[in-house]
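2 protein chains.
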Amino acid sequence: MIANELRKDYLLDRWVVIATERKRRPTDFIQKTLAEAKPENCPFCPGNEHMTPPATLVYLMENGKIVKERDTDGYRHENWIVRCFPNLYPAFTPPKNGEKFEIKEQRFAEAFGHHEVIVESPIHDEHPGKARISQLLHVVNAILDRLEFFQKKSYVKYVSIFRNHRREAGASLSHAHSQIIATPIIPKIIELELKASKKAWENNSECAFCEIIQKERESPRFIWENAHFIAFAPWASINPFEFWIFPKRHEPSPLNSNEKERRNFAEILRFCLGGLDKLLNDPPYNLGFHVAPVGDYEFYHWHVEVYPRLAIWAGFEKSTGMYINVIPPEDAARSLRERIGLK
Amino acid sequence: MIANELRKDYLLDRWVVIATERKRRPTDFIQKTLAEAKPENCPFCPGNEHMTPPATLVYLMENGKIVKERDTDGYRHENWIVRCFPNLYPAFTPPKNGEKFEIKEQRFAEAFGHHEVIVESPIHDEHPGKARISQLLHVVNAILDRLEFFQKKSYVKYVSIFRNHRREAGASLSHAHSQIIATPIIPKIIELELKASKKAWENNSECAFCEIIQKERESPRFIWENAHFIAFAPWASINPFEFWIFPKRHEPSPLNSNEKERRNFAEILRFCLGGLDKLLNDPPYNLGFHVAPVGDYEFYHWHVEVYPRLAIWAGFEKSTGMYINVIPPEDAARSLRERIGLK
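Just so you know, the sequences run in chain order A and B.
If you read the first sequence in the working numbering, its first letter stands for residue 1, the second for the next number, and so on.
If you read the second sequence in the working numbering, its first letter stands for residue 344, the second for the next number, and so on.
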């Protein structure tokens, strides 16, 4: 019996036990529950636009070209390709009267910001693991439109883009959608990544994330790549089958990406999430973008992290901030690589 | 419409949105699922001792007094009051040949340590929310016996004691039990608490935690107290109905507690977890001890944190380290206070 391995994240002071002692096979994680059936009256489906707030952005197709509109005067656009609107129960809301954001006594503040939903397709279950790449490209473009829009607000310091897949991962509605939350402070995890990557940039004149890409491209944790993006299982994965997607070109924010890169990003999302879907029968997951905050962060490198929800973080994880992962990332990468290879 | 409130934890740089916009009533969180039935062949029930590893500690009652024993030579003690044994799938294991713990290249190490289960009662479902206080006192004593034992190991830096209640909170078996994990490094959350409390100790010659007790005792977040312990909902609760239990006497570790204090601790656990149980129909929760690591940490103040699992931390929480909590701690405390008051 060899002891399990403790591993530390590339940049964060975050430790995980890769618990080979209780090593499990990928097949142990195959989901037995079916995806939820399409509900009778889905508020995100076409025809039910009145059940949600007016759209802040819709993509419409006119003469083969995307036209961008928003709902005004009680009118709801129909026949949309992608639709964005405020969350009915927003965690963050814009200031009503131009108030400035202010932290009082270092311990509380008003939660100024935005909280929107991005419906990814008029087709109820066209989620990124099975979407047409052309559709996914519209989703990426719409997300970036909203990112750009929110970053201009004076009270916004960071914009978090994420998607929760299936109810077990926190999705209260099953229609394919992402969410976007603009916050008035830089969140902790991003702050820690900024701190570590700034240090590497200043000490070694190099990007800490570019270095990770170089290393993982040749490692047994490599999963898939195309011209502009690479996917791998991180060295200190805190979730079974976790994977990260990085742009190969150093860029703090996805806003500067060109059409070719966006299409490549849609493609790698489609292939990797599709592989996960097929390997484990559509498991629940959380997906989060990590992007540079508003401002000058040339040393940062945007990316996406995908956290399948196949294990429960319980008392140990919650009271220590240490993690236990029963699938070594090398095994996760091999399974995903093989599955994606089958197409 | 007023914006939600952003709140920061007492000591950690951890922010939560108290989302009054989507404010929910306690009744919204009442569990509908019944507790799991007692399985036919529970490995933790009396008579099935051979299904688990030999006990490292059992409490036996002889002539009205507790006698401490351990299983040896294939013999399994029966008629135990409390029973401790190694986890069948340990996350951490002791070094086999006296190897020293060593972190290699700042990023990996062997996971030396211990991982044990503490069966809290011969009665399948005698969990702390409904246990006899006399039984709970035995559990507390056994936990502290193991804590003391593990802290003497050269490769142990910290001992984490926790309990996962119900399958949804990560308990793979329904028989009442806690777990104890001894780790070779100081976990992140404890390290951050140590750092912040050391600073307060050195700057103001006072305990940061004693100050919290003083403040919360008079606040609307107060829940319950007895002679030696106090329970309250923390200012920046990251979970609905979260509560913390603190000893009133400043003490880095529970090991120095006397019999009276231990009985008071068993009592406050029983009343608060019992209140939670009755208020929300036995919800899943994680409970974690926060104790001083091995060494001299006079500025630390041990305590217990209870995290009911009534909401899902999803893409936003996982990619930012910020939280959204839909029950203000003031409301949680009032409901728990009222429920405990009914006895």
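Treat the hints as calculated values from the structure; they're not laboratory data.
Just so you know, these numbers come straight off a predicted model, no measurement behind them.
Backbone N, C-alpha and C fix where the C-beta goes; we use that ideal spot for every residue, glycine too.
Treat the hints loosely; a few may be bogus.
[Stated by the list, open to error] Rough simulated footprint, nothing fancy, chain A against chain B, three-plus residues with beta-carbon under 8 angstroms:
id, stretch
1, 396-406
2, 428-436
3, 553-564
4, 621-634
Could you tell me which of the hints above the structure violates, numbers in ascending order?
Of the numbered hints, 1, 3 do not hold.
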